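J.: Now for the letters of each chain:
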Amino acid sequence: MSLDVLYFAWLRERVGHGRERVETSAATVRDLVAELSARSDGHAAAFSDLAGLRVALDQDLAEFDAPLAGVREVAFFPPMTGG
Amino acid sequence: MSLDVLYFAWLRERVGHGRERVETSAATVRDLVAELSARSDGHAAAFSDLAGLRVALDQDLAEFDAPLAGVREVAFFPPMTGG
Amino acid sequence: MEVRVQPDPFDFGAECGAFAAGRSDAGAVVTFAGLVRADGGLSALEIEHYPGMTERAITAIAQEATRRWDLRGCLVIHRHGRLAVGEAIMMVATAAPHRADAFAAAEFLMDYLKSRAPFWKKEIGADGPRWVAARAEDEAALTRW
Amino acid sequence: MEVRVQPDPFDFGAECGAFAAGRSDAGAVVTFAGLVRADGGLSALEIEHYPGMTERAITAIAQEATRRWDLRGCLVIHRHGRLAVGEAIMMVATAAPHRADAFAAAEFLMDYLKSRAPFWKKEIGADGPRWVAARAEDEAALTRW
Numbered sequence: 022m023s024l025d026v027l028y029f030a031w032l033r034e035r036v037g038h039g040r041e042r043v044e045t046s047a048a049t050v051r052d053l054v055a056e057l058s059a060r061s062d063g064h065a066a067a068f069s070d071l072a073g074l075r076v077a078l079d080q081d082l083a084e085f086d087a088p089l090a091g092v093r094e095v096a097f098f099p100p101m102t103g104g
Numbered sequence: 022m023s024l025d026v027l028y029f030a031w032l033r034e035r036v037g038h039g040r041e042r043v044e045t046s047a048a049t050v051r052d053l054v055a056e057l058s059a060r061s062d063g064h065a066a067a068f069s070d071l072a073g074l075r076v077a078l079d080q081d082l083a084e085f086d087a088p089l090a091g092v093r094e095v096a097f098f099p100p101m102t103g104g
Numbered sequence: 494m495e496v497r498v499q500p501d502p503f504d505f506g507a508e509c510g511a512f513a514a515g516r517s518d519a520g521a522v523v524t525f526a527g528l529v530r531a532d533g534g535l536s537a538l539e540i541e542h543y544p545g546m547t548e549r550a551i552t553a554i555a556q557e558a559t560r561r562w563d564l565r566g567c568l569v570i571h572r573h574g575r576l577a578v579g580e581a582i583m584m585v586a587t588a589a590p591h592r593a594d595a596f597a598a599a600e601f602l603m604d605y606l607k608s609r610a611p612f613w614k615k616e617i618g619a620d621g622p623r624w625v626a627a628r629a630e631d632e633a634a635l636t637r638w
Numbered sequence: 494m495e496v497r498v499q500p501d502p503f504d505f506g507a508e509c510g511a512f513a514a515g516r517s518d519a520g521a522v523v524t525f526a527g528l529v530r531a532d533g534g535l536s537a538l539e540i541e542h543y544p545g546m547t548e549r550a551i552t553a554i555a556q557e558a559t560r561r562w563d564l565r566g567c568l569v570i571h572r573h574g575r576l577a578v579g580e581a582i583m584m585v586a587t588a589a590p591h592r593a594d595a596f597a598a599a600e601f602l603m604d605y606l607k608s609r610a611p612f613w614k615k616e617i618g619a620d621g622p623r624w625v626a627a628r629a630e631d632e633a634a635l636t637r638w
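Residue numbers (the working numbering), protein chains in the order written: chain A, 22 to 104; chain B, 22 to 104; chain C, 494 to 638; chain D, 494 to 638.
FYI, nobody ran anything at the bench for these hints, they're computed from the structure.
As the structure is a computational prediction, the values presented were derived from the model and not from experiment.
In this text, a Cβ means the ideal position worked out from N, Cα and C, and glycines have one as well.
One thing to keep in mind: the hints can contain errors.
[Unchecked claim] Some, not all, of what chain C presents toward chain B, calculated at C-beta under 10 Å:
(1) Arg561
(2) Trp562
(3) Arg565
(4) Trp624
(5) Arg628
Using the sequences plus the hints, can you model the full thing?
T.: See the structure below:
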């Protein structure tokens with residue numbers, strides 16, 4: 022399947038861009054992270070500690086074990102600091 | 022001693038005026054209330070239930086057992102409804 | 494710290510704007526406005542107060558708030574006299590480095606102003622005037638501080 | 494219920510005034526403003542957000558607030574982009590018949606906006622830019638609701 026993968030804040034800076042189109046057969050977010058981490062040193066650095074990261078599937082917060090079936094947009098970012 | 026006695030809200034309406042000058046030798050607020058209650062039916066009605074009343078001595082909230090020595094202004098009123 | 498007790502209307506929006514303006518020392522501003530609510534045919538509210546004690550009581554409450562929380566600003570405005578439905582009765586504003594302090598101080602001020610500042614409200618309704626009774630829950634609210 | 498996400502400044506005072514104006518159904522209005530604080534040589538704040546998800550997340554938070562409390566109005570404005578010291582980052586406003594609901598809803602909105610709306614703050618200070626780390630106490634604040 023084809024996914025839009027988005028990065029925000031320091032993840033975006035480490036990866037080097039804010040959005041990429043990814044072809045993948047990953048079943049879960051965690052599987053996708055493993056594939057993305059192999060793309061570049063920047064990706065590997067961005068995903069080095071999942072405990073400090075958040076993920077949204079089609080703009081809803083999700084867990085790293087969530088399935089990707091039917092998902093079109095995956096976003097990775099650090100904990101939010103709004104308000 | 023000579024005291025200014027003030028009444029507010031429905032106490033003022035029952036007594037019929039908002040301020041009166043009182044000569045008294047009452048030792049405590051409670052003694053003063055007994056004297057004031059004898060002044061008129063309106064006073065008696067105003068002081069019929071002390072549990073629902075508040076008193077301030079020289080503009081500080083006080084108890085009905087508080088002594089009056091040195092006090093110049095005594096105010097009686099129902100529980101406050103500010104805000 | 495600023496306390497104003499007045500019969501005249503005040504502009505809630507303008508007061509909020511002025512209170513928040515030019516602050517670089519506070520990350521959080523909380524404001525509260527109490528408005529005359531159109532409950533059951535109410536047409537107006539008359540607020541009696543105890544001149545002298547009112548300012549004194551509110552100042553003591555505001556001082557206690559600034560003692561308990563890390564505030565950079567604190568404003569209380571309270572009207573007396575006759576107010577129409579929809580008008581602002583009073584407002585408080587607090588400014589603090591962090592939002593928890595600003596919120597706690599504003600709620601503390603409101604709880605104490607309700608039950609410890611010498612104001613008495615009379616509702617002018619369809620059935621004539623009626624003194625507002627103090628609510629047990631307003632007195633109970635003080636126990637949390 | 495109104496949610497606005499925008500790069501442009503907003504006028505906190507004017508928003509407070511407009512929000513409180515003409516209400517006869519609510520006795521209590523609470524507003525909060527978050528300002529850029531001049532901490533340790535900070536000269537500006539840059540706020541990144543996730544277009545689309547931001548509006549969606551804030552709307553869900555505001556809907557939850559109106560479900561939990563008896564509100565007559567609810568407003569959230571949040572800026573993104575570059576902000577100078579003293580500028581308003583965001584505001585919330587709530588209106589309710591009683592003050593307890595207005596205060597609780599405003600604090601709920603703030604707690605959730607802090608940790609669940611997709612904004613990220615970068616401080617531009619004397620030592621260069623630095624991403625603001627989420628605070629454990631902000632996450633912990635959610636457990637009270």
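J.: Does each hint fit the structure? Answer for all of them.
T.: Quick rundown of the hints versus the structure:
1. Arg561: Hint on C:Arg561: violated, closest Cβ of chain B at ~19 Å, above 10 Å.
2. Trp562: 19 Å, violated
3. Arg565: 23 Å, violated
4. Trp624: Holds: closest Cβ of chain B sits about 5 Å from C:Trp624, inside 10 Å.
5. Arg628: 8 Å, holds
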